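Oh and the sequence shown: position 157 is 173 in the working numbering, straight run, nothing missing.
Keep in mind the hints are simulated off the structure, nothing from the lab. Remember, predicted model here, so these are calculated numbers, not experimental data. Built from N, CA and C at the ideal position, the CB exists for glycine as well. Any given hint might turn out to be false.
The calculated lysine-lysine pairs, modelled on DSS-like cross-linking and capped at a C-alpha distance of 27 Å, are [what the hints assert, rightly or not]: (1) Lys-88 to Lys-105; (2) Lys-105 to Lys-184; (3) Lys-124 to Lys-91; (4) Lys-91 to Lys-105; (5) Lys-131 to Lys-184; (6) Lys-105 to Lys-130; (7) Lys-92 to Lys-105; (8) Lys-114 to Lys-124; (9) Lys-114 to Lys-131; (10) Lys-135 to Lys-218; (11) Lys-135 to Lys-194; (12) Lys-124 to Lys-194; (13) Lys-135 to Lys-114; (14) Lys-92 to Lys-124.
Across the chosen pairs, the derived CB separations fall in these ranges [as the list claims (entries may be wrong)]: (15) Pro-164 to Asp-117: 14 to 22 Å; (16) Lys-105 to Leu-158: 30 to 38 Å; (17) Arg-140 to Lys-91: 52 to 60 Å; (18) Val-87 to Arg-123: 47 to 55 Å; (19) Tyr-228 to Gly-167: 35 to 43 Å; (20) Glu-215 to Ser-94: 38 to 46 Å; (21) Pro-164 to Met-93: 19 to 27 Å; (22) Arg-76 to Ser-142: 16 to 24 Å; (23) Pro-164 to Gly-221: 31 to 39 Å; (24) His-132 to Gln-226: 31 to 39 Å; (25) Ser-84 to Arg-211: 39 to 47 Å; (26) Ala-154 to Arg-211: 22 to 30 Å.
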Amino acid sequence: MTETNDQIQSNDIPGAADVPAAAEGQQERRGGRGDGRGDRRGRGRDNRRGQERDSEWQERVVQIRRVSKTVKGGKKMSFRAIVVVGNEKGQVGVGVGKAGDVIGAVRKGVADGKKHLVKVPLTRHSSIPTLGNGRDGAASVLIRPAAPGTGVIAGGSIRTVLELAGIKNVLAKRLGSKTPLNNARAAMDALAGLRTHKETAKERGISLEQIYS
17 MTETNDQIQS
27 NDIPGAADVP
37 AAAEGQQERR
47 GGRGDGRGDR
57 RGRGRDNRRG
67 QERDSEWQER
77 VVQIRRVSKT
87 VKGGKKMSFR
97 AIVVVGNEKG
107 QVGVGVGKAG
117 DVIGAVRKGV
127 ADGKKHLVKV
137 PLTRHSSIPT
147 LGNGRDGAAS
157 VLIRPAAPGT
167 GVIAGGSIRT
177 VLELAGIKNV
187 LAKRLGSKTP
197 LNNARAAMDA
207 LAGLRTHKET
217 AKERGISLEQ
227 IYS
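Given only the sequences and the hints, what does the whole structure look like? Please build it.
Structure below.
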């Protein structure tokens, strides 16, 4: 705009005071609405899309603990929240958040969980295709597919992870540590290692019929 205005002034064209008011109104209409209706409509659409994306996800708080950190002046108290995030369509994540208040810790946990999502292959009966083993620290988890109508046979944080992943028929056993965070991460490790029969046949370079034979 600066270069254009300089060119206009150099050509000795009449200034803004000599331009009729009607021409000014036409220039404003070409530039867009001055009342901001278009901006409000655009923001409204973006907000609705964001709410639809957020409504697909569910969050469950597994544990909230008050923790302390020793600093130079004494102890600094804060809260730690373990949150499981999932859409019940094969995506699930576990996040940890720390903050000075509970709400802030949960919010950080949800954001951290969405950064570490795992895609879970589901069968038509809402189960897992194969046996899965996961380990994190001293915690070990065994996950086994089950027949339709079995339900989620699991406990603790493992049950929360399986439910938010969309698995409805599964058998799970906790082995080793009872820590909720380690068990949740061990369950995530087991789910991340699952493969469908088609993917396994492709990795081995054989046909799908040979997998079942």
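Exercise for the section: With 22 to 30 Å as the target window, see if Ala-154 and Arg-211 comply at their CB atoms. Expected result: holds, 26 Å
Exercise for the section: With 35 to 43 Å as the target window, see if Tyr-228 and Gly-167 comply at their CB atoms. Expected result: violated, 27 Å
Handout entry: Cβ distance range 52 to 60 Å for Arg-140 and Lys-91, holds or violated
Key = At 53 Å between Cβs, range holds.
Problem - Hinted pair Lys-105 and Lys-184, Cα distance within 27 Å - result: Cα-Cα ~11 Å, so holds.
Handout entry: Outcome of range test on Cβ distance (Ser-84, Arg-211; 39 to 47 Å)
Key = Since Ser-84 and Arg-211 have Cβ atoms about 43 Å apart, the given range 39 to 47 Å holds.
Handout entry: Hint consistency between Lys-92 and Lys-105 [alpha-carbon to alpha-carbon, up to 27 Å]
Key = violated, 40 Å
Handout entry: Straight-line alpha-carbon gap Lys-92 to Lys-124, limit 27 Å
Key = Cα-Cα ~18 Å, so holds.
Handout entry: Range hint 31 to 39 Å (beta carbons of Pro-164 and Gly-221) holds or violated
Key = holds, 32 Å
Practice task
For the pair we were handed, Lys-135 and Lys-218, check the Cα-Cα distance against 27 Å.
Solution key: Roughly 18 Å between the alpha carbons, so the hint for Lys-135 and Lys-218 holds.
Exercise for the section: Evaluate the given range 30 to 38 Å for the C-beta pair formed by Lys-105 and Leu-158. Expected result: violated, 24 Å
Exercise for the section: With a cut-off of 27 Å on the C-alpha distance, tell me whether Lys-135 and Lys-114 pass. Expected result: Holds, at roughly 26 Å.
Exercise for the section: Given the hint that Lys-131 pairs with Lys-184, test it: the Cα-Cα distance must not exceed 27 Å. Expected result: holds, 24 Å
Of the numbered hints stated above, those contradicted by the structure are hints 1, 4, 7, 15, 16, 18, 19 and 21, listed in ascending order.
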